[in-house]
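J.: Sequence:
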Amino acid sequence: MLEVARIRENIDSYAESLKKRGWDAEKSAVLQRVIDLDDQRKVLQTDNDKLLSQRNLLSKEIGNLFKSGKQEEANAAKSQVETLKSSIAELEAKITENNSSLEELLFTIPNIPHESIVFGKSDKDNVVSQDWAGPLPTLPEGAMPHWDLAAKYDIFNLELGVKITGAGFPVFRKKGAKLQRSLINFFLDEAAAAGYEEIVPPLLVNEASAKGTGQLPDKEGQMYYVEKDNLYLIPTAEVPVTNIYRNEIVKSDQFPIKLTAYTQCFRREAGSYGADVKGLNRVHQFDKIEIVQIEHPDNSYAALDKMVKHVEGLLQKLELPYRILRLCGGDLTFASALTYDFEVYSAAQKRWLEVSSVSNFETFQSNRLKLRYKDEQGKSKLAHTLNGSAMALARIIAAMLENNQTEQGIRIPKALQSYTGFEYID
RNA sequence: GGAAGAAUGGCAGAGCUGGUUUAAUGCACUGGUCUUGAAAACCAGCGUACUCACGUACCGGGGGUUCGAAUCCCUCUUCUUCCGCCA
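So the first sequence is numbered by the numbering used here: it starts at 1 and just counts up by one.
Don't read these hints as lab results, they were simulated from the structure. Just so it is clear, CB atoms sit at the ideal spot from N, CA and C, and this is done for glycine as well. Mixed in with the good hints there might be a few duds.
Cut-off 30 Å, straight-line C-alpha distance, at most; resulting in silico cross-link-like pairs (BS3-like, lysine-lysine) [stated by the list, open to error]:
1. LYS350 - LYS174
2. LYS309 - LYS152
3. LYS152 - LYS381
4. LYS381 - LYS306
Ranges between beta-carbon positions, derived for each pair [what the hints assert, rightly or not]:
5. GLU82 - TYR224: 28 to 36 Å
6. GLU9 - ARG173: 42 to 50 Å
7. LYS85 - LYS379: 30 to 38 Å
8. LYS19 - GLN45: 28 to 36 Å
9. LEU136 - ARG33: 43 to 51 Å
10. ALA5 - ASP123: 30 to 38 Å
11. ASN99 - GLY69: 39 to 47 Å
12. SER87 - GLU227: 35 to 43 Å
13. THR46 - GLY69: 48 to 56 Å
14. GLN316 - VAL127: 45 to 53 Å
15. ASP123 - ARG8: 30 to 38 Å
16. PHE422 - SER122: 27 to 35 Å
17. ASP123 - GLN316: 19 to 27 Å
18. ASN99 - ASP123: 35 to 43 Å
Go ahead and model the full structure; you've got the sequences and the hints to work with.
T.: Pasting the structure below:
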């Protein structure tokens, strides 16, 4: 959620920046409406405060009059307060209405893209910021996509998931299960080595947390919801981990706050079917190791670069061909100011699969979270939040299976062998 | 799941027979005096949000009673203790 004060200061440049997300002048008029509502808010609040002040004074007086036995004067004052009270009730109703329309509007405005973001309509306009320089893997005759390999080596089974739960819930078995656990440990160890504190968070979150990181109200349909307890299954560890710092004022010297967590992630992915979602390409439950940083605004982009380097290192150690994209305005998520997507090449499907997304949200999340720090003057300021996947397992496994298939079986990259305890899936 | 009790500022802890209570007191913290320096002692300061300001709001959350609520009532949440169940 954007800060009204910043909108006030930057209304023209904000409208200009929002064009990168495909916002025209008509849409950007909402910025002015926000300011108008905020002006209205100030007026109403000040008026109401004055009435409250009068009421407080009179009430105090009534107390004194009663004490000194002046019953009649006290009763006269009482009736005065009565009329004040009805005005207050009226004003407060207006304030509530005004503020909720203000908040509603603010929830419709996405984050302002970073200055380096280009205009674009969809993922086709994303900028390749670092391409894969080497040759793409070529596979032998009769190479299989990962879902066929899964059947051949009995490493994961989607039909079994359908039986137990429904479509999109893979069951990993044998060396597939071990590979899964190995990747989790590998990613967590790498994150720990890079200075991230490991967290094991709850997998269900309350409404306030989902709102804090922006899943509500923007992406309500994406999450599984447990109605009986009013809880949401997390779509990413970002939600519980970032919310550790909801309503907190941290000290500047605590920066950078670096957290990592492995969790299973649950996404309803409503309405997505077809070839793109075959096998492990898109599932309802998957495993992901998330890295989260909370930083001083001056350092958040340097932190973003380090996070990108971290993810890059992981892909190099896993010997996967990858490229890095800088998302265009149209593909940028609602809350993000700048996002790098990582894609690995899946040789049998002959397509790039998104395996990581690293973003700087600047103050967009922290404003909702009320996540602040004290500056040198002792003033509270909003911190910057960042996060990234390091990494999402399902698609890594898909690419690894396809790219590394040999006559001997599926080769496990060296860096992972000490975790798996085997060199081939056969 | 059943019963009882509790929730106050960074922490501890008064107030809770409604009226100079943003809220005693102690600790912690910040600045100062003193000191060669430190400690101790003493003095002062010490929450958040909105507002240009006056001011207003906030004693777990929400609602109510009242001229006036930390204080009374309802409700939700959380915690503690006891009982039951359980990996």
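J.: None of the hints should be skipped; say for each whether it holds.
T.: Structure-based check of each hint:
| no. | hint | result |
| --- | --- | --- |
| 1 | LYS350 - LYS174 | 27 Å, holds |
| 2 | LYS309 - LYS152 | 35 Å, violated |
| 3 | LYS152 - LYS381 | 56 Å, violated |
| 4 | LYS381 - LYS306 | 23 Å, holds |
| 5 | GLU82 - TYR224: 28 to 36 Å | 51 Å, violated |
| 6 | GLU9 - ARG173: 42 to 50 Å | 57 Å, violated |
| 7 | LYS85 - LYS379: 30 to 38 Å | 37 Å, holds |
| 8 | LYS19 - GLN45: 28 to 36 Å | 33 Å, holds |
| 9 | LEU136 - ARG33: 43 to 51 Å | 50 Å, holds |
| 10 | ALA5 - ASP123: 30 to 38 Å | 34 Å, holds |
| 11 | ASN99 - GLY69: 39 to 47 Å | 44 Å, holds |
| 12 | SER87 - GLU227: 35 to 43 Å | 41 Å, holds |
| 13 | THR46 - GLY69: 48 to 56 Å | 37 Å, violated |
| 14 | GLN316 - VAL127: 45 to 53 Å | 22 Å, violated |
| 15 | ASP123 - ARG8: 30 to 38 Å | 33 Å, holds |
| 16 | PHE422 - SER122: 27 to 35 Å | 41 Å, violated |
| 17 | ASP123 - GLN316: 19 to 27 Å | 24 Å, holds |
| 18 | ASN99 - ASP123: 35 to 43 Å | 37 Å, holds |
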